[in-house]
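S.K.: Listed below are the residues making up each chain.
Protein chains: 2
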Amino acid sequence: MRVLENPDLEEACSLLRDGLANGEVLVLIGECEVEYEGRASSTLTSGERVVIIKQDGSILVHRPEGYEPVNWQPPGCSYRVSVSDDGLKIIATRLSPHEVLSLLFRRVDLIVSGKLQDKGVFSMYASEDEMKRAIELDPSLIEEGLKLYTSEKDLGDAGYADFVGEDSKGNFVVIEVKRTSAGTKEVLQLARYVNEVKQRVNRPVRGILVAPSLRKKGQVLLEQLKLEFKALSPEKCSKVLKKSRDVSLFEFMERWRR
Amino acid sequence: MRVLENPDLEEACSLLRDGLANGEVLVLIGECEVEYEGRASSTLTSGERVVIIKQDGSILVHRPEGYEPVNWQPPGCSYRVSVSDDGLKIIATRLSPHEVLSLLFRRVDLIVSGKLQDKGVFSMYASEDEMKRAIELDPSLIEEGLKLYTSEKDLGDAGYADFVGEDSKGNFVVIEVKRTSAGTKEVLQLARYVNEVKQRVNRPVRGILVAPSLRKKGQVLLEQLKLEFKALSPEKCSKVLKKSRDVSLFEFMERWRR
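Read top to bottom, the protein sequences are chains V and X.
Residue numbering for the first sequence follows this note's numbering, beginning at 1 and increasing consecutively.
Residue numbering for the second sequence follows this note's numbering, beginning at 1 and increasing consecutively.
Rather than coming from a laboratory, the hints here were simulated on the basis of the structure.
Don't be surprised by glycine CBs; every beta carbon is placed ideally from N, CA and C.
It cannot be assumed that every hint is accurate.
To be verified - The calculated label-pair distances, taken between Cβ atoms and stated as ranges, are: (1) V:T45 to X:V100: 32 to 40 Å; (2) V:Y149 to X:S14: 52 to 60 Å; (3) V:D154 to X:V100: 29 to 37 Å.
What the hints assert, rightly or not - Okay, derived cross-link-like pairs now, SDA-like style, lysine to any residue, Cα gap no bigger than 25 Å in a straight line: (4) V:K239 to V:Y79; (5) V:K185 to V:K239; (6) X:K243 to V:P7; (7) V:K243 to X:S41; (8) X:K89 to V:E68; (9) X:K217 to X:S233; (10) X:K119 to V:S41; (11) X:K236 to V:K119; (12) X:K185 to X:K226; (13) X:K185 to V:H98; (14) V:K115 to X:S151; (15) X:K243 to X:S123; (16) X:K119 to V:P69; (17) X:K236 to V:P97; (18) X:K236 to X:V100; (19) V:K242 to X:V100; (20) X:K115 to V:K242; (21) X:K239 to V:Q117; (22) V:K119 to X:L9; (23) X:K115 to V:L104; (24) V:K239 to X:D154; (25) X:K115 to V:P7; (26) V:K242 to X:Y67; (27) X:K236 to V:T43; (28) V:K119 to X:K239; (29) V:K239 to X:G66; (30) X:K115 to V:E11; (31) V:K89 to X:K239; (32) X:K89 to V:Q117; (33) V:K243 to X:K119; (34) V:K115 to V:T150; (35) X:K236 to V:E99; (36) X:K242 to X:D138; (37) X:K153 to X:Q199.
Same shape as in the complex, but just chain V (with noise of 0.2 Å):
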């Protein structure tokens, strides 16, 4: 990694066309302004601000406060460096759709390029709100035949149920899940929702926790409950949203920049 403090702007200007040339993440920190100029266009006025330049030719500008870049370039892009009386200018363009960043550096107070290795891997998982979605896509999550009355269903004193069903044989089915291990205090959760909707309708009642586990506790407990426990894990239920999510980030981003 080569770094660069307070360098004049030839010396910069030199390391960001090698780190450029090895395909090297560059960060640069310093006083700038910025043009974008494509579909839409933009300016900012000089300030100081954190810069990265990836691997793969995407740009990110970062000011000193909010998360998200004020301008940037998908991966992809070409760059132009040079130095003149104004400072030193960096120009990232995409070609289709013609789109040009354009950034130039009065001063630079750090520089930094280096090849990085990340090989790492990156799972995410559902939230209880995104299991319950899923489940709602797909009820034979949790067992086939499955149909689901409502969501959030209002049993009073004892709380809201999750779901309601009714199984494939017309048992009435009363869901809670959990999107970490449940134990003892989950499965009484339950047990107080099955004995809520018992009172109420005329037929079989079936509880179902559905977890990605349940601890030693709980499956005593649930056996003793006469109730039933559905291991579904946040990973599987992501699987199932990401096949019906229509709307990434990327195209998001994309269109709203437009």
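Position chain X against the provided structure of chain V, taking the given hints into account.
M.R.: Just chain X, lined up with the frame of chain V:
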């Protein structure tokens, strides 16, 4: 700006604490793993990354490729940092909703801390498509009482007019929109559309060129051809669109990450 190259983890931790206490921007480059636990959860196994903590307490974890951060937290996080045998741990906690982002650095190649001054003004101007959308939403941007029939009207060999419509007196109106200063070329383009429309309809036809400005030669030609010009800037269209935009990038990202 304080810069440490290849610091040991204790040194890095101490600069990190100091920078956080002073509300500085921090940039860390090194090998880390990341866990997120909140409404959803995620894990990212070890790799080399660029991490930015901003002056408002937001944090971004960037892999060497892809312009989106792999993990992030919005402004207002509180931080705990510590060193153990495992490495340098950074925990960014958001209270409501409760979300915890944990980073464990095995190795720090570079840490930078400094207060950045950024009073720059960001201005975003609409694209031509957005200008057209704004006009569709509010035709009075062109003139009071204007009704639009259709956009991208096919006029055969003459091309496609951006809009055709009718003014408050029942005249037929043909509109061509440009997002940058217009000249003779754009005037002639509009004239072509107007002539084509005149052969098709049996009533007076007006042609209006809409752009932020019209250059001198264009003005002369426009008058000769008895066409009209309406000044409309992308800035103004942006404001119209902003009012009607129901989902911000921030809200979207928040929804997406759940």
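S.K.: Which earlier hints turn out false for this structure, listed by number in ascending order?
M.R.: 4, 5, 6, 11, 14, 18, 20, 21, 24, 28, 31, 33 and 34
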